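Student: Chain order of the listed sequences is H and A. First residue of the first sequence: 1, per UniProt numbering; consecutive thereafter. First residue of the second sequence: 1, per UniProt numbering; consecutive thereafter.
Note that these hints are calculated values from the structure, not bench results. Keep in mind that this is a model prediction, so the values were computed, not measured. The beta-carbon is built from N, C-alpha and C at its ideal position, and this holds for glycine as well. Among these hints, one or two may not hold up.
Stated by the list, open to error - Straight line, CA to CA, 27 angstroms or less: simulated DSSO-like cross-link-like pairs of lysine-lysine:
| id | chain 1 | residue 1 | chain 2 | residue 2 |
| --- | --- | --- | --- | --- |
| 1 | H | K245 | A | K313 |
| 2 | A | K162 | H | K265 |
| 3 | A | K59 | A | K83 |
| 4 | A | K13 | H | K265 |
| 5 | H | K299 | H | K313 |
| 6 | H | K259 | A | K13 |
| 7 | A | K289 | H | K265 |
| 8 | A | K259 | H | K259 |
| 9 | H | K245 | H | K265 |
| 10 | H | K289 | A | K265 |
| 11 | A | K245 | A | K3 |
| 12 | H | K265 | A | K259 |
| 13 | H | K13 | A | K265 |
| 14 | H | K313 | H | K109 |
| 15 | A | K83 | A | K313 |
| 16 | A | K162 | H | K259 |
| 17 | H | K3 | H | K13 |
| 18 | H | K245 | A | K162 |
| 19 | A | K13 | A | K245 |
| 20 | H | K162 | A | K265 |
| 21 | H | K289 | H | K259 |
| 22 | H | K162 | A | K47 |
Stated by the list, open to error - Heads up, incomplete: computed chain H residues facing chain A, CB under 8 angstroms, no partners named:
| id | residue |
| --- | --- |
| 23 | I79 |
| 24 | Q147 |
| 25 | G154 |
| 26 | S158 |
| 27 | F224 |
| 28 | Q228 |
| 29 | A233 |
| 30 | M235 |
| 31 | E249 |
What the hints assert, rightly or not - For each label pair, taking beta carbons as the anchor points, the in silico distance ranges come out as:
| id | chain 1 | residue 1 | chain 2 | residue 2 | range |
| --- | --- | --- | --- | --- | --- |
| 32 | H | R89 | A | S158 | 56 to 62 angstroms |
| 33 | A | T274 | H | G221 | 42 to 48 angstroms |
| 34 | H | K259 | A | E315 | 43 to 49 angstroms |
| 35 | A | E140 | H | A156 | 18 to 24 angstroms |
| 36 | A | E315 | H | A156 | 33 to 39 angstroms |
| 37 | A | Q114 | H | D166 | 57 to 63 angstroms |
| 38 | A | G339 | H | R314 | 42 to 48 angstroms |
| 39 | H | F25 | A | L281 | 49 to 55 angstroms |
| 40 | A | H336 | H | R314 | 47 to 53 angstroms |
Residues per chain, in single letters:
Protein chains: 2
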Amino acid sequence: MTKVRWGILGCGKISSDFTTVLNQFTDSVVTACAARSLDRSEAFAKKHGIANYYDSYDKLCEDPGVDVVYIGTIHPRHIDQIKSALKNRKHVLVEKPMTLNKTQALEVKTLVDQSDCFFLEGVWTRFFPATRYVRCLLDEGAIGQVQFVTTCIGYAFSPDVKRIWDRSLGGGGLLDIGIYGLQYVTMAFGVEAKIESIVASGKLTDGGVDAYGSITIHYEGSRFATVQYSCLAKMNERVSIVGTKGVIEIHPEGHIPTKVTLSRKEPDTADGSTTSSTEFLLPTDDASKYEFEGSTGFKYEIEAVNDYLRQNKREASEFSWDDSILLQDIMDQVRHQIGVVYPEEEKLVSF
Amino acid sequence: MTKVRWGILGCGKISSDFTTVLNQFTDSVVTACAARSLDRSEAFAKKHGIANYYDSYDKLCEDPGVDVVYIGTIHPRHIDQIKSALKNRKHVLVEKPMTLNKTQALEVKTLVDQSDCFFLEGVWTRFFPATRYVRCLLDEGAIGQVQFVTTCIGYAFSPDVKRIWDRSLGGGGLLDIGIYGLQYVTMAFGVEAKIESIVASGKLTDGGVDAYGSITIHYEGSRFATVQYSCLAKMNERVSIVGTKGVIEIHPEGHIPTKVTLSRKEPDTADGSTTSSTEFLLPTDDASKYEFEGSTGFKYEIEAVNDYLRQNKREASEFSWDDSILLQDIMDQVRHQIGVVYPEEEKLVSF
Numbered sequence: 001m002t003k004v005r006w007g008i009l010g011c012g013k014i015s016s017d018f019t020t021v022l023n024q025f026t027d028s029v030v031t032a033c034a035a036r037s038l039d040r041s042e043a044f045a046k047k048h049g050i051a052n053y054y055d056s057y058d059k060l061c062e063d064p065g066v067d068v069v070y071i072g073t074i075h076p077r078h079i080d081q082i083k084s085a086l087k088n089r090k091h092v093l094v095e096k097p098m099t100l101n102k103t104q105a106l107e108v109k110t111l112v113d114q115s116d117c118f119f120l121e122g123v124w125t126r127f128f129p130a131t132r133y134v135r136c137l138l139d140e141g142a143i144g145q146v147q148f149v150t151t152c153i154g155y156a157f158s159p160d161v162k163r164i165w166d167r168s169l170g171g172g173g174l175l176d177i178g179i180y181g182l183q184y185v186t187m188a189f190g191v192e193a194k195i196e197s198i199v200a201s202g203k204l205t206d207g208g209v210d211a212y213g214s215i216t217i218h219y220e221g222s223r224f225a226t227v228q229y230s231c232l233a234k235m236n237e238r239v240s241i242v243g244t245k246g247v248i249e250i251h252p253e254g255h256i257p258t259k260v261t262l263s264r265k266e267p268d269t270a271d272g273s274t275t276s277s278t279e280f281l282l283p284t285d286d287a288s289k290y291e292f293e294g295s296t297g298f299k300y301e302i303e304a305v306n307d308y309l310r311q312n313k314r315e316a317s318e319f320s321w322d323d324s325i326l327l328q329d330i331m332d333q334v335r336h337q338i339g340v341v342y343p344e345e346e347k348l349v350s351f
Numbered sequence: 001m002t003k004v005r006w007g008i009l010g011c012g013k014i015s016s017d018f019t020t021v022l023n024q025f026t027d028s029v030v031t032a033c034a035a036r037s038l039d040r041s042e043a044f045a046k047k048h049g050i051a052n053y054y055d056s057y058d059k060l061c062e063d064p065g066v067d068v069v070y071i072g073t074i075h076p077r078h079i080d081q082i083k084s085a086l087k088n089r090k091h092v093l094v095e096k097p098m099t100l101n102k103t104q105a106l107e108v109k110t111l112v113d114q115s116d117c118f119f120l121e122g123v124w125t126r127f128f129p130a131t132r133y134v135r136c137l138l139d140e141g142a143i144g145q146v147q148f149v150t151t152c153i154g155y156a157f158s159p160d161v162k163r164i165w166d167r168s169l170g171g172g173g174l175l176d177i178g179i180y181g182l183q184y185v186t187m188a189f190g191v192e193a194k195i196e197s198i199v200a201s202g203k204l205t206d207g208g209v210d211a212y213g214s215i216t217i218h219y220e221g222s223r224f225a226t227v228q229y230s231c232l233a234k235m236n237e238r239v240s241i242v243g244t245k246g247v248i249e250i251h252p253e254g255h256i257p258t259k260v261t262l263s264r265k266e267p268d269t270a271d272g273s274t275t276s277s278t279e280f281l282l283p284t285d286d287a288s289k290y291e292f293e294g295s296t297g298f299k300y301e302i303e304a305v306n307d308y309l310r311q312n313k314r315e316a317s318e319f320s321w322d323d324s325i326l327l328q329d330i331m332d333q334v335r336h337q338i339g340v341v342y343p344e345e346e347k348l349v350s351f
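Next comes chain H alone, as it looks inside the complex (with noise of 0.2 angstroms):
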């Protein structure tokens, strides 16, 4: 078998947690990695054992012995970078948001298309198995219609985590952490389901991004969702799905779902309901090698992509591009009512 060969764009933490796990795969292999110094991506390329490595990003696209790129870099970043991987016919795994806004993403789209390349925004929480069940669920009516829809996530992050804090690295909650709680949204309701309106409000900073926000999604047939979140607080990150049948909840930290419990309303049985919790542990490894919680979930994203570009698919169904374009859309949205606005925004008269 072929092993499928990966170029790491970008070396802070995140591209350090993934390729630790990435390195673990026997079907694939990190041929290339790429900082903005050579210093930096030699350094990164030392501790993973990597056989190449770049000061551009362009040259890591260039490189013939690379199939698929992992954009691990802050996001107002991806969309030079997706342009340039896709131009050298490379596959693509982003972090997400894969884009600052849905103008951008469309214009990604639109480049996809026109290529013959796999394509995933790294929404890596829908690989988990935990998700997994929880999609089985709905898929199978275990609650019935989703009625609701509530997520909260929270991390009281310190003043010197600039990606968080500075707009011109594409600041704010929503973008780096809301996203983990409008994706189970979408994921509940379906992203054909009609969203009637939508009503945000929240805190920026003195620097124009939000600190906090609070998001109301109005659906059709009188059904709502809520998505809270916060980059001053440490919530315990819980997501509920109420449908006509019972209510699906996923246990902190939802964006690395480890136990879910369905609670369905049974009219046969004593009390009128039954409750049942089920755990998906997460691979186990020597947190000493990670920079963030729960890294090791990775695995499952990285299986996925690895089986997707072996059968020669262009799209996951577990997030797929209708799932990014709504969850951009939906961001746009918010953003425009709570008053973020990006420096690349500025200019546009669309937005």
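Chain H is fixed; fit chain A onto it per the hints.
Tutor: This is chain A only, laid out in the frame that chain H set:
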């Protein structure tokens, strides 16, 4: 010890549950009840062993054998019934919400201030041992400064529950169930905390009442709270209070709380935190005697009222006038944004 003599105004389901519990107290006695028809009040009196029964609320309020009136009717009727009780110098415990709006609440407050009477809006949840425990934790700073509160409450009410669906009966979810979530928010943040703004949206029925709603309350210091409620979906009714040093979770069903989990950041421990759960079981009794789940919990509210009356107090510290007025103020603003106007308010220019 002289017994506290109670009169029951309204002979519906909630009054029945209340009276069933009240009758178990040895330091008080139910001396009279009143309904709109004599048949109804006589049947209620027989069921609960009450000596006197009336077909007029005024007659109950005029009865010299009554010290305190419990008002268990629908909320649009409360204002006139409270006035009748106060006119006759009776103490009052009135089911929540005490009135339809803040204007009515302030009118009542003026009358109470001029009287020598005890008055309490029956937000019974505040008197539960679990709620008292949460308040202690908050007061002693167990979770530091409160940053975020989120609450959900929802029932799939049948279309024949008129009190919910009929606007002329004060229908809609906010005043009936949303208030339970709101009172946790104002309890956790404290009535003195400055509210910067309130953003609410929901869905009106064809009859003009709120089928569901979502409320965001922005507090000073970039802190916020959300309240979600629905009359269409049975939610797991949970409350999360997130502070700088930890999280308090009140488990379902939050308005009749029996279990509280405290998670605290503990930098000195191995995993940086500790979690402990505490259960507060409700008094057990034959369920067939009650119309609603958890009604034995009326015990705590009744106990408090009997004690306050003995001590000649005029107000309950668990739920004060400041609490009542603040809740009414918030609910007015929420209804204004969602678009719920009651018939009694249509003539008011100020609303």
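Student: Next step is simple, just say for each hint if it's right about the structure.
Tutor: A quick look at each hint next to the structure:
| no. | hint | verdict |
| --- | --- | --- |
| 1 | H:K245 <-> A:K313 | violated, 47 angstroms |
| 2 | A:K162 <-> H:K265 | holds, 24 angstroms |
| 3 | A:K59 <-> A:K83 | holds, 13 angstroms |
| 4 | A:K13 <-> H:K265 | holds, 25 angstroms |
| 5 | H:K299 <-> H:K313 | holds, 19 angstroms |
| 6 | H:K259 <-> A:K13 | violated, 39 angstroms |
| 7 | A:K289 <-> H:K265 | holds, 24 angstroms |
| 8 | A:K259 <-> H:K259 | holds, 20 angstroms |
| 9 | H:K245 <-> H:K265 | holds, 5 angstroms |
| 10 | H:K289 <-> A:K265 | holds, 24 angstroms |
| 11 | A:K245 <-> A:K3 | violated, 46 angstroms |
| 12 | H:K265 <-> A:K259 | holds, 22 angstroms |
| 13 | H:K13 <-> A:K265 | holds, 25 angstroms |
| 14 | H:K313 <-> H:K109 | holds, 15 angstroms |
| 15 | A:K83 <-> A:K313 | holds, 20 angstroms |
| 16 | A:K162 <-> H:K259 | violated, 39 angstroms |
| 17 | H:K3 <-> H:K13 | holds, 25 angstroms |
| 18 | H:K245 <-> A:K162 | holds, 23 angstroms |
| 19 | A:K13 <-> A:K245 | violated, 42 angstroms |
| 20 | H:K162 <-> A:K265 | holds, 24 angstroms |
| 21 | H:K289 <-> H:K259 | holds, 24 angstroms |
| 22 | H:K162 <-> A:K47 | violated, 68 angstroms |
| 23 | I79 | violated, 31 angstroms |
| 24 | Q147 | holds, 4 angstroms |
| 25 | G154 | holds, 7 angstroms |
| 26 | S158 | violated, 13 angstroms |
| 27 | F224 | holds, 6 angstroms |
| 28 | Q228 | holds, 5 angstroms |
| 29 | A233 | holds, 4 angstroms |
| 30 | M235 | holds, 5 angstroms |
| 31 | E249 | holds, 7 angstroms |
| 32 | H:R89 <-> A:S158: 56 to 62 angstroms | holds, 60 angstroms |
| 33 | A:T274 <-> H:G221: 42 to 48 angstroms | holds, 43 angstroms |
| 34 | H:K259 <-> A:E315: 43 to 49 angstroms | holds, 44 angstroms |
| 35 | A:E140 <-> H:A156: 18 to 24 angstroms | holds, 21 angstroms |
| 36 | A:E315 <-> H:A156: 33 to 39 angstroms | holds, 37 angstroms |
| 37 | A:Q114 <-> H:D166: 57 to 63 angstroms | holds, 59 angstroms |
| 38 | A:G339 <-> H:R314: 42 to 48 angstroms | holds, 46 angstroms |
| 39 | H:F25 <-> A:L281: 49 to 55 angstroms | holds, 51 angstroms |
| 40 | A:H336 <-> H:R314: 47 to 53 angstroms | holds, 50 angstroms |
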